[in-house]
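Number of protein chains: 2
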Amino acid sequence: MKKVKIAQFGLGPIGLESLRLAAEQPELEVVGAVDHDPAKIGRSLVELTGLRSLDGLRVAADLEELFRETEPEVILHTAASNARTTLEQLRPALEFGVSAASTCEELIFPAWKYPALAKEYDALCRHTKARLVAVGVNPGFVMDLLPLCLTGVCRTVERIEVERVVDAATRRQSLQAKIGSGQRPEDFALQLQAGRAGHAGLQESVALIAHTVGWKLDSIEESGEPVIADRPIRTKFFNVAPGEVCGIHQRATGLVGDTVRITLDLQMYLGAEQPHDHMVIHGRPGLDVTVNGGVAGDDATVASLVNVVPRLLAAQPGLRLLNELAVPSWTGGRD
Amino acid sequence: MKKVKIAQFGLGPIGLESLRLAAEQPELEVVGAVDHDPAKIGRSLVELTGLRSLDGLRVAADLEELFRETEPEVILHTAASNARTTLEQLRPALEFGVSAASTCEELIFPAWKYPALAKEYDALCRHTKARLVAVGVNPGFVMDLLPLCLTGVCRTVERIEVERVVDAATRRQSLQAKIGSGQRPEDFALQLQAGRAGHAGLQESVALIAHTVGWKLDSIEESGEPVIADRPIRTKFFNVAPGEVCGIHQRATGLVGDTVRITLDLQMYLGAEQPHDHMVIHGRPGLDVTVNGGVAGDDATVASLVNVVPRLLAAQPGLRLLNELAVPSWTGGRD
Numbered sequence: 001m002k003k004v005k006i007a008q009f010g011l012g013p014i015g016l017e018s019l020r021l022a023a024e025q026p027e028l029e030v031v032g033a034v035d036h037d038p039a040k041i042g043r044s045l046v047e048l049t050g051l052r053s054l055d056g057l058r059v060a061a062d063l064e065e066l067f068r069e070t071e072p073e074v075i076l077h078t079a080a081s082n083a084r085t086t087l088e089q090l091r092p093a094l095e096f097g098v099s100a101a102s103t104c105e106e107l108i109f110p111a112w113k114y115p116a117l118a119k120e121y122d123a124l125c126r127h128t129k130a131r132l133v134a135v136g137v138n139p140g141f142v143m144d145l146l147p148l149c150l151t152g153v154c155r156t157v158e159r160i161e162v163e164r165v166v167d168a169a170t171r172r173q174s175l176q177a178k179i180g181s182g183q184r185p186e187d188f189a190l191q192l193q194a195g196r197a198g199h200a201g202l203q204e205s206v207a208l209i210a211h212t213v214g215w216k217l218d219s220i221e222e223s224g225e226p227v228i229a230d231r232p233i234r235t236k237f238f239n240v241a242p243g244e245v246c247g248i249h250q251r252a253t254g255l256v257g258d259t260v261r262i263t264l265d266l267q268m269y270l271g272a273e274q275p276h277d278h279m280v281i282h283g284r285p286g287l288d289v290t291v292n293g294g295v296a297g298d299d300a301t302v303a304s305l306v307n308v309v310p311r312l313l314a315a316q317p318g319l320r321l322l323n324e325l326a327v328p329s330w331t332g333g334r335d
Numbered sequence: 001m002k003k004v005k006i007a008q009f010g011l012g013p014i015g016l017e018s019l020r021l022a023a024e025q026p027e028l029e030v031v032g033a034v035d036h037d038p039a040k041i042g043r044s045l046v047e048l049t050g051l052r053s054l055d056g057l058r059v060a061a062d063l064e065e066l067f068r069e070t071e072p073e074v075i076l077h078t079a080a081s082n083a084r085t086t087l088e089q090l091r092p093a094l095e096f097g098v099s100a101a102s103t104c105e106e107l108i109f110p111a112w113k114y115p116a117l118a119k120e121y122d123a124l125c126r127h128t129k130a131r132l133v134a135v136g137v138n139p140g141f142v143m144d145l146l147p148l149c150l151t152g153v154c155r156t157v158e159r160i161e162v163e164r165v166v167d168a169a170t171r172r173q174s175l176q177a178k179i180g181s182g183q184r185p186e187d188f189a190l191q192l193q194a195g196r197a198g199h200a201g202l203q204e205s206v207a208l209i210a211h212t213v214g215w216k217l218d219s220i221e222e223s224g225e226p227v228i229a230d231r232p233i234r235t236k237f238f239n240v241a242p243g244e245v246c247g248i249h250q251r252a253t254g255l256v257g258d259t260v261r262i263t264l265d266l267q268m269y270l271g272a273e274q275p276h277d278h279m280v281i282h283g284r285p286g287l288d289v290t291v292n293g294g295v296a297g298d299d300a301t302v303a304s305l306v307n308v309v310p311r312l313l314a315a316q317p318g319l320r321l322l323n324e325l326a327v328p329s330w331t332g333g334r335d
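Sequences listed follow chains A and B, in order.
In terms of the working numbering, the first sequence has 20 at position 20, counting the first letter as 1, and numbering is strictly consecutive.
In terms of the working numbering, the second sequence has 232 at position 232, counting the first letter as 1, and numbering is strictly consecutive.
Keep in mind that a hint or two might mislead.
[Said to hold, decoys possible] Some chain B residues judged to face chain A by a derived CB distance under 7 Å, without partners named:
{"hint": "1", "residue": "Leu-21"}
{"hint": "2", "residue": "Gln-25"}
{"hint": "3", "residue": "Val-137"}
{"hint": "4", "residue": "Phe-141"}
{"hint": "5", "residue": "Cys-149"}
{"hint": "6", "residue": "Val-157"}
{"hint": "7", "residue": "Trp-215"}
{"hint": "8", "residue": "Ser-219"}
{"hint": "9", "residue": "Ser-223"}
{"hint": "10", "residue": "Phe-237"}
{"hint": "11", "residue": "Asn-239"}
{"hint": "12", "residue": "Val-295"}
{"hint": "13", "residue": "Pro-310"}
{"hint": "14", "residue": "Glu-324"}
{"hint": "15", "residue": "Arg-334"}
Treat the hints as calculated values from the structure; they're not laboratory data.
Note that the structure is predicted; figures quoted are calculated from it, not measured.
Note that CB positions come from ideal geometry on N, CA and C, so glycine has one too.
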């Protein structure tokens with residue numbers, strides 16, 4: 001079996017893990033990596049990942065440089081949360097007909113914030129036969145794809161509710177920072193309201209669900225507030241005093257007229273007890289599903305990225321929604 | 001939007017519900033139905049379903065007769081559990097390039113029991129551009145598709161375990177009969193061992209999971225025994241005395257060498273307390289998911305059948321596995 005040639009775009013903590021996981025797959029061959037950070041450009045992938053199998057590969061400054069040296073078939077992208085930035089970064093690949101999968105949160109449903117851009121890139125991809133899709137755990141799985149999958153056995157659906165509670169103390173530094181750990185509540189609340197902090201992608205999850213089931217939403221409302229520590233909390237990365245921020249509580253709802261059709265409720269804070277994902281489909285039949293302990297974030301994110309490769313290559317060319325691809329699964333049992 | 005023309009093949013309790021549900025969908029147009037039962041041939045669909053919108057339609061004796069009168073684009077099939085029977089029944093449609101979805105249990109992974117037949121029909125479908133897929137709740141969802149979907153966020157998977165507990169007292173008469181309700185334990189145990197009673201499709205679910213994740217199984221072992229009533233149980237259809245059979249406990253395991261990779265455990269009996277579906281993915285990350293109350297059988301089965309139509313028509317021609325299609329979802333929100 002011919003191996004699929006992969007390049008990794010973005011070498012932060014998630015990107016490096018994606019690179020390591022891709023390098024372990026017998027069906028994939030890592031042929032290069034890109035990062036814009038001057039401190040990383042030119043460095044050896046062996047040195048960055050600790051993997052000897054990546055011998056001879058160095059970090060390229062951009063896709064143009066990468067394409068002068070090698071011919072990847074799929075780009076794994078972990079370099080931006082903003083869909084416009086992601087699309088611009090990936091454009092040289094898509095123009096060459098090279099497919100890409102990205103953890104970009106806004107790309108889970110790019111037409112929500114960038115309808116014109118989504119159309120433009122969909123047309124580009126169809127023209128060059130490239131496929132582009134976004135993946136992830138949230139957005140991309142627990143608050144959108146998994147509840148959608150459940151509705152597949154429903155005759156009718158009235159309302160979809162998902163609650164996700166994450167103990168952020170188990171997560172990476174950048175996530176603990178993003179949820180305001182150790183900040184003053186007033187300062188962080190302002191950042192949260194301005195969209196400069198907190199979890200990205202909740203509105204996109206609502207929009208993806210509504211688009212798929214066919215609800216024409218009149219509005220998506222989002223709110224968010226800090227969770228305040230009621231005791232001292234110490235993680236690997238932060239010391240939080242009582243009264244300081246230890247996380248976020250965000251909520252997005254999708255409405256048709258005055259009727260709430262979709263509610264996504266996300267609590268992500270240091271020391272959250274009984275983390276879980278809980279989804280309720282109000283319909284016929286109704287469904288009540290609990291992911292006990294929740295879906296662990298970072299491992300699951302890189303897994304969703306690497307696992308999507310065969311399904312991405314089997315999909316129709318275009319800017320695809322994740323649930324238009326085949327049903328997700330791990331496929332590593334051939335090793 | 002042009003409606004998709006549907007015909008229903010099989011008019012038992014599930015088939016009639018499928019017909020009713022299809023008739024309610026604004027994107028579907030019911031154009032006919034087939035049943036081999038002489039007591040049904042020629043009868044009016046209005047009379048059989050109570051739906052006036054089916055005015056003018058009568059039961060055809062077979063697909064040849066149906067095709068002389070109308071041109072369906074998709075056949076919904078609910079007439080057999082045996083894959084060979086199902087394939088033979090659907091052959092005239094597939095030869096015309098007409099696609100079909102079936103609740104046939106063995107068709108969930110037809111290559112398990114009929115590898116040559118599966119190849120032959122796949123080639124036929126590719127030639128005529130027909131698509132054929134099997135759907136359902138079990139097999140087709142809780143013990144195969146849903147756990148597979150969960151593995152999509154796993155870096156590695158070691159073992160997959162699913163337990164399903166169903167209170168059969170809530171189900172249709174034919175299911176209560178199939179699980180031995182009211183029979184003598186010795187008699188029913190013999191029928192169960194001979195494969196003439198009990199739940200069909202457990203081995204196919206194991207085979208579908210293994211095929212998808214890439215485990216090359218050395219064997220699939222199946223066992224089953226009756227559940228014995230310890231008190232009198234009265235349902236709409238059966239009176240069961242203590243000491244008589246009130247249901248089944250079946251189990252299938254998939255092994256690679258001596259290592260158990262897949263365990264599916266099904267308990268389906270009258271009066272089962274706390275019905276649920278529970279799936280555990282042993283891997284990185286591990287996942288532990290409970291469908292509280294379980295997935296209700298009959299409504300969910302017809303929903304899976306009617307909901308698959310748009311995904312079936314978007315799939316590549318051929319005899320397809322359910323998880324090769326796009327992610328399931330209800331799409332009725334446009335009404």
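Status of each hint after checking the structure:
1. Leu-21: holds (6 Å)
2. Gln-25: With a minimum Cβ separation of about 10 Å from chain A (threshold 7 Å), the hint on Gln-25(B) is violated.
3. Val-137: holds (6 Å)
4. Phe-141: Given a least distance of 6 Å, the restraint on Phe-141(B) holds.
5. Cys-149: With a minimum Cβ separation of about 5 Å from chain A (threshold 7 Å), the hint on Cys-149(B) holds.
6. Val-157: At 5 Å from the nearest chain A Cβ, Val-157(B) passes the 7 Å test, so the hint holds.
7. Trp-215: The hint holds - Trp-215(B) has a Cβ within 7 Å of chain A, the shortest such distance being about 4 Å.
8. Ser-219: Ser-219(B) check fails; min Cβ-Cβ to chain A is 16 Å, beyond 7 Å.
9. Ser-223: violated (24 Å)
10. Phe-237: The hint is violated - Phe-237(B) has no Cβ within 7 Å of chain A, the shortest such distance being about 21 Å.
11. Asn-239: violated (27 Å)
12. Val-295: Check passed: Cβ of Val-295(B) comes within 6 Å of chain A, closer than 7 Å.
13. Pro-310: violated (11 Å)
14. Glu-324: Constraint on Glu-324(B) satisfied, holds at 5 Å.
15. Arg-334: Because about 4 Å separates Arg-334(B) from the closest Cβ in chain A, which is inside the 7 Å limit, the hint holds.
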